[in-house]
Amino acid sequence: DAKTTQPNSMESNEEEPVHLPCNHSTISGTDYIHWYRQLPSQGPEYVIHGLTSNVNNRMASLAIAEDRKSSTLILHRATLRDAAVYYCILRDVDSGYALNFGKGTSLLVTP
Amino acid sequence: DTGVSQNPRHKITKRGQNVTFRCDPISEHNRLYWYRQTLGQGPEFLTYFQNEAQLEKSRLLSDRFSAERPKGSFSTLEIQRTEQGDSAMYLCASSLALRQGYTFGSGTRLTVV
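Line by line, the protein sequences give chains G and Y.
Residue numbers for the first sequence follow my numbering, beginning at 707 and rising by one.
Residue numbers for the second sequence follow my numbering, beginning at 44 and rising by one.
Just so you know, the hints here were simulated from the structure itself, not pulled from any lab data.
Model, not experiment: these values are computed from the prediction.
Among the hints, erroneous ones may be present.
[Said to hold, decoys possible] PhoX-like cross-link-like pairs, simulated, lysine-lysine; straight-line CA separation at most 25 Å:
no., chain 1, residue 1, chain 2, residue 2
1, Y, Lys100, Y, Lys54
2, G, Lys809, G, Lys775
3, G, Lys709, Y, Lys100
4, Y, Lys100, G, Lys809
5, Y, Lys114, Y, Lys100
6, G, Lys775, G, Lys709
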């Protein structure tokens with residue numbers, strides 16, 4: 707799987723939108739972009755995934771650049787419970803089953 | 044549906060002992076995955092089952108590690124002759140289809156002393 711680059715940490719104020727960036731300049735045409743988050747002392751939690759088009763669900767939105775070399779996870783209104791490590795992962799389902807997590811972005815949400 | 048269940052939550056063992064962890068996936072999920080996570084790192088893939096068949100193993104899974112999924116339901120991960128370097132969180136996940144998101148359990152934290 708191609709690699710992703712994320713900032714080590716970000717900080718946001720409660721009730722403000724948060725934009726978490728991810729660069730994946732070597733993405734291939736069959737790589738899906740997945741986002742997971744991990745709260746302290748818990749296993750990772752699936753957030754959202756997409757291939758080419760922007761995606762929305764009840765947790766977040768995923769904005770994918772037109773050239774697919776970057777994407778942004780958008781939390782529309784951060785809460786204290788959104789403080790977690792956010793992982794951006796590329797996955798080609800045709801070549802393997804593993805999710806290759808990096809170190810992710812540690813999001814701090816302040817009141 | 045109670046999600047993915049892992050037992051025990053914590054395990055402390057002496058170096059050289061064998062340990063076994065259990066994972067109960069979401070009942071209708073036929074795909075099951077094991078990961079390992081050390082402090083400050085993201086989870087690392089260990090192995091994957093589709094039903095009872097173990098289809099992929101990471102090179103991280105040394106010959107001291109063995110995983111099974113009899114009858115395609117729960118899975119066990121055994122570590123023989125534990126070493127201090129095995130201390131980590133062991134995570135299990137399941138999914139219904141390859142293109143769906145995974146549901147992870149809360150993990151088993153192993154401490155080898």
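Return the numbers of the hints above that this structure violates; sort them in rising order.
Of the numbered hints given earlier, the structure breaks none, since each of them holds.
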